[in-house]
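Colleague: Both chains are sitting in their own frames, so use the hints and assemble them into the complex.
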Amino acid sequence: MTTNTAPTSSSKTGFFKTLIDGNEGGLKADGLTPAQKLSLRFVVIGLIYFGFAAIEGMLMRIYQIEIISFIGVEQYFGILTAHPLVGIFGSSYMIVFGAFLFVVPFLMKKPLWSLKVGQASFLLIAIGTFTFWASGFISHYAALYTLYWPLPADFDQFSALGGSFFILGIALVMVGSLLFVLNVFKSIMYTPEGWEKQPGGALLSSALGFTGLANLFRKEKKEHLVPLPVAAIARGSVDVALNALIITFSGVLILVYMVWHLFGVNLADTAIDALLYKNWYWWGLDLVADGLVLIFVAGTWYLLAMLITGKKLFMQNIARAALAVELIVSWTVWSHHLLSDQSQPAILKIVSGELVTAFELITQGIAIFVTLATLWLARPLKMTNELKFLLGGLLGFGLAVPAGIMQADMGLNRILHNTQWIIGPHVHVAIIVGLGMTLYAAIYALWPLLTNGVKLYSRWMSTVHFWGTLVGGIGMGAFMGMAGLQGMLRRTIYMEGEFAPYMWLAGISGALILIGFVFFMINIIMSVGLKGLLGIFTKSKLDTKDLVPAD
Amino acid sequence: MINSHDVLWGQTLLYTAYVVVMISVIIWFAYSVTKEGKNSTVSKTFFWGFVAVLVVVGFSLHLVTYNTIPWVKQDMHRGDTVAAQQFDIVVEDHEFILPADEMIVQCNELILFDVTSNDLTYGFGLFRDNNSMVMQMQVVPGHRNDILWKFEENESLAIRSTEYSGPAGYQMIVPDAVTVVGCS
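Just so you know, the protein sequences line up as chains G and F, in that order.
Here the first sequence is numbered in the numbering used here, starting from 1 and rising by one per residue.
Here the second sequence is numbered in the numbering used here, starting from 1 and rising by one per residue.
Extracted from the complex, chain F is given alone in its bound form (with noise of 0.2 Å):
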């Protein structure tokens, strides 16, 4: 199953090597360009082919994440599908009010975060210890803010917002607040 940390680095691969690519063709074009050329047309073939290209990648980037990427349909299809295990949090005043000091999830099963703010836009994201991101949602006062989640490694996380909300915000971590278990 892929997870967050699979997907990107599959970014970063695919990231570096266009970013190589790029580089190379603008370091090889201006030494082109300032040399005398054989060919001095550009194909208009050349053209719309470059073109074709742009619209395939634009699009089929949507469309290869969607069918790959689990959390992509899960989240489009949250409200027609039943949750195991539900978690209502409240953040006010800068603070995460938990519904207990230890949220226990099991493996491998659908998990509904519903987050409520009282006042402020914040964020609500899961990190694990090194501080990479599992996941994250924007926390908008009077809307629902809900998220569901499959998790499949047994391991604490903490909860962090990942929203500015003014300078208090950036203290707005709550350490092993989520844990998994059974995970085989």
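This is chain G alone, in the form it adopts within the complex (with noise of 0.2 Å):
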């Protein structure tokens, strides 16, 4: 993409100006289309929660260095439960669904089916996510995003009106990710009004991998009608919807604790085994974290590839067929959770716990061999933030996934289980370093098509946002887990500072992460323009369906 160097003038009115209309007249709002508007509204949010959940995530770094006067046991671990969730659905699902309502028209060549559908999914997100992390802040609720039965409904600890809240926008936000899944799938199969009738059937089939699996058998193979990044998406979707349907009802049963109780009768917890729950709820929530995020990440490296190259990824059909692998993979492998639960049969353990996770190290080398390889055919390629971006986020995913597969080993995770090994190397790298370059890299290769051509205002603040993510990143996760290794346990607190040394170097590392993040907005910020960035929530003047203004 193009960008511009840091301007030179030191001026207050220069900057001031330009930190209102925007770099070089910045974002003009008026010329923007409905679906680039929704789509952008997405990004901000998501890059607003992504602060959020990263000043949290400084706030426990700190804490963990030395404890905060001002922040009471009660409240730290209320920040503990809001921080991953504001991070994944406030941020990634908003990103990730933000660019995806954008790139699946824009691959499919027609328009998305439902802006309403899209908007309101926008709304639910952006507003549920505000709500459970508004009544863990004020009301403490912190039964963390693992939610172990029965401590929901421990209401001598937690307040259930203030978990009732907290379960309301839970349930908000998985209503407007089923709405994205919806819009996703109508947006593959319908026929937009007035054109040729489109083959909806054998389009899903072909987006859900059916196409690819019946050529196995056939002599004459069948086209794929729906391009990789777009099966990729509507797997990865199916991961959603059943994660959302699974969080939803163990969000329902709580609830019906929750009111009991607000009328004045406790229901027996004991109705529930918290074993069986803990295997359900595992098999819902792992498909964000085992399935989902690892086949959108798949399916956005292809697509950077592709627009970064210009070219046609490496051995197609075998990345087609990595993503079904992942997806029925995603279904089968919760159990490497449970790992440490002794109750769990030992054939769960060794089936799904070990042995289909390790799948996971093979569908996600593919899908980095496979990337890596489309780019090394197309050199020489100038190193563009979409591309430093997407290495990153390469390299993100090859270290964490395998350090994940290592604790997913029942003989290692006796003695890793619950430490900040996982947490660190594992879980922050991987969402980081791996899923949070790789989203910052389609921001950048979608920035041109979203604002109609924006100039970045700095190189340099991208490359400071570069590395402070990159360092920060990778550091942070690898001083999480040397305290991991000396027996450093996550969801706790350590009062006498005992695994000091390494909390301040995970901390200065955190504060880089911080620091380019900071950089990158105000990046953003003075490249649009204030003006241009609120013109993005007003109504477009543009009367059209089309993804981008006609001229």
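Hint data in this document are derived by calculation from the structure and do not stem from the laboratory.
Be careful, since some hints might not be right.
Negatives, chain F to chain G, calculated, CB over 12 Å [said to hold, decoys possible]:
id: 1; residue: Thr12
id: 2; residue: Ala83
id: 3; residue: Thr179
Okay, the calculated beta carbon distance ranges per label pair [claimed, not checked]:
id: 4; chain 1: F; residue 1: Ile27; chain 2: G; residue 2: Ile328; range: 30 to 40 Å
id: 5; chain 1: F; residue 1: Thr179; chain 2: G; residue 2: Ile347; range: 32 to 42 Å
id: 6; chain 1: G; residue 1: Ile328; chain 2: F; residue 2: Val181; range: 24 to 34 Å
id: 7; chain 1: G; residue 1: Ile48; chain 2: F; residue 2: Pro99; range: 32 to 42 Å
id: 8; chain 1: G; residue 1: Lys311; chain 2: F; residue 2: Tyr66; range: 37 to 47 Å
id: 9; chain 1: G; residue 1: Gly31; chain 2: F; residue 2: Thr34; range: 54 to 64 Å
id: 10; chain 1: G; residue 1: Phe137; chain 2: F; residue 2: Leu13; range: 52 to 62 Å
id: 11; chain 1: G; residue 1: Leu123; chain 2: F; residue 2: Tyr18; range: 25 to 35 Å
id: 12; chain 1: F; residue 1: Arg144; chain 2: G; residue 2: Lys221; range: 20 to 30 Å
id: 13; chain 1: F; residue 1: Arg144; chain 2: G; residue 2: Phe137; range: 36 to 46 Å
id: 14; chain 1: G; residue 1: Val351; chain 2: F; residue 2: Leu13; range: 21 to 31 Å
id: 15; chain 1: F; residue 1: Thr12; chain 2: G; residue 2: Asn317; range: 19 to 29 Å
id: 16; chain 1: F; residue 1: Phe50; chain 2: G; residue 2: Phe137; range: 40 to 50 Å
Since we're looking at a predicted model, the values are computed, not measured.
Think of the CB as a built atom: it goes at the ideal place given N, C-alpha and C, for glycine as much as any other residue.
Modeller: Written out as structure tokens, the structure reads:
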């Protein structure tokens, strides 16, 4: 993409003018289509929620170095509960959904099925995230994202009213997610008004991989009607839907206990088997971590590789097959979260927990190889923002997936489960470096299309953002991992500074991530201007279903 | 005999080496991909070789740990094993209720810890004085939570809950709860 160098003028007038109007005139909101505005709204709110999660993360990093006196223990665990949910639903889901609601129709060469449904998704997820965040902040509802039964219904520790709002917020996010899934599949299958009838069934079959599967047994192979990135988005969306159904079901169950409690009746929590609950809940929850994230990320890598090189993907049939395998794997992999549960059947631990999980090394390895090979075959490439962030994202998953495979082993899990190793080298490196940098690459790649070619304000700011995220993310994961290997647990507080040296280093690394993010946001705001930024949230003046303006 | 300390050192060395290799590959790739190259193909043999390596690494990890880490077989066959000593522990209201103030265990003998939760999901972990972990398991209410362990060093160990059970859970520590004796 085209970028400018940082302005040399230090005049305040120039700075404030750029801040308000944007770089070289900034974003002309009046010229944005409804589809562009919709995607930009998702991305902007997603980035704001990333800021929430980053600040919460830094507060907890500081807390692990030295107890912050004005944050009580209940508040700390409230933050710990909100942090991953805001990060995943408020930030990652928003950015990913916003990008995909643009990419799917863009690649299918037809308008989005419904802008209204897209707008409903946006509002539900944005409001839902704020609802559960605020209820946790105010009431200190802190049952963590794991919600291990019967903790979410333990009203000796938590407010049932605060918890009800927390669950309501999550439910809104889930409904918004289901509407996103509906929009994706309808956009793939539907026939726009006045168009020649589209083969909806065949398109769906191609998107879900049935065509590819049938091709294995056909002499004359059918062509894939759906581009590979759209197939990835469709398959990841299946996991989004299944996840939303499980989380909603669990939420309703918890809500029943809360509502009865508010009416003065305490239902017996022993009515629910804690281990069975843990199994179904992790089955659904893991569809995020080990399902849609990996599938969406692989699809985004493929899209970026094709956009950057302008060429077809290397061995794309294998890449399609790997996506199908990943989908099946994501449905059967949950038991690696229960390797330390002694009553969990051994067969589930071995087959689901260890062996099926090992497939993730293979499918992600294939995705990394295919992406790198596609880039390699197009040498020489210019080291643009999207390329360097893409390489950062590949590195992130290249480091985090093997870390996850190691902990998904019955021998190693015995001494790693719930330590900082899990949350450091595996989770945070995967999310901040792997997923985060992939999303930034997608934002840079889609930037010209979404903003009608607004020029980026500063190249060096994007460089600071790149190195801050890469070094900070890997560094934080590494130091948390070192502490974990020394026995430091997650989800607890060390009052005596037992692991302070590691936590100082992890905190400094976390600060690098935050600094990088601040520079990124300044760069974005200075590029589009405050006028342009606010204009994203006004009604589009263009009455069109087209993705980009006709001119 | 291998203990948790040895296993974690091995893991640290292996994973660190892997990280160095992976970062080096990406740095080399980032440099090379911007240069004009001679070779314009990527061999399919190379690709399938890479996939084969992933398959071997992914599955052999579990075979290696099963055959080298002593507590894996021990854990899988604990139903058929008679322990030399057994300690029944109850957890309730964020407190460990121990059968004795100090549980003295014999070196190199199989010890069974059977932990019952009467309310929430907790964790049960043994930790050395330097806070490093010996082992842990989840403690799920309504289910049997038992773990078989063999100790090989004279030491005093703390019990700590390794699972979040609400804000009060971080205080669930019983120092010097287990004392290992009899090691030469």
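Colleague: Now, for every hint given, state plainly whether the structure supports it.
Modeller: Here's how the hints hold up against the structure:
At the 12 Å boundary, the C-beta of Thr12 (chain F) falls inside the reach of chain G, the nearest C-beta of that chain being 6 Å off. The Cβ of Ala83 (chain F) sits about 14 Å from the closest Cβ of chain G, beyond the 12 Å cut-off, so the non-interface label holds. Every beta carbon of chain G lies more than 12 Å from that of Thr179 (chain F), the smallest distance being close to 19 Å; the non-interface claim holds. Distance hint check for Ile27 (chain F) and Ile328 (chain G): the Cβ-Cβ separation is about 35 Å, which falls inside the suggested range of 30 to 40 Å.
In this structure, Thr179 (chain F) and Ile347 (chain G) meet the distance hint of 32 to 42 Å, their C-beta atoms being roughly 37 Å apart. Here the CB-CB span from Ile328 (chain G) to Val181 (chain F) is close to 51 Å, at odds with the stated 24 to 34 Å. One distance hint, 32 to 42 Å for the beta-carbon pair Ile48 (chain G) and Pro99 (chain F), is violated here, with the actual separation near 53 Å. As the Cβ distance of Lys311 (chain G) to Tyr66 (chain F) is approximately 44 Å, the hint placing it in 37 to 47 Å holds.
Roughly 34 Å separates the CB atoms of Gly31 (chain G) and Thr34 (chain F), a value that falls outside the hinted 54 to 64 Å. One distance hint, 52 to 62 Å for the beta-carbon pair Phe137 (chain G) and Leu13 (chain F), is violated here, with the actual separation near 43 Å. With their beta carbons about 44 Å apart, Leu123 (chain G) and Tyr18 (chain F) fall outside the hinted range of 25 to 35 Å. Checked against the hint of 20 to 30 Å, the C-beta distance between Arg144 (chain F) and Lys221 (chain G) comes to roughly 53 Å, which is inconsistent with it.
Separated by about 39 Å at the C-beta atoms, Arg144 (chain F) and Phe137 (chain G) satisfy the suggested range of 36 to 46 Å. Checked against the hint of 21 to 31 Å, the C-beta distance between Val351 (chain G) and Leu13 (chain F) comes to roughly 29 Å, which is consistent with it. Here the CB-CB span from Thr12 (chain F) to Asn317 (chain G) is close to 39 Å, at odds with the stated 19 to 29 Å. Between Phe50 (chain F) and Phe137 (chain G) the Cβ separation comes to about 47 Å, which falls inside the hinted range of 40 to 50 Å.
When held up to the earlier numbered hints, the structure conflicts with 1, 6, 7, 9, 10, 11, 12, 15 and fits the remainder.
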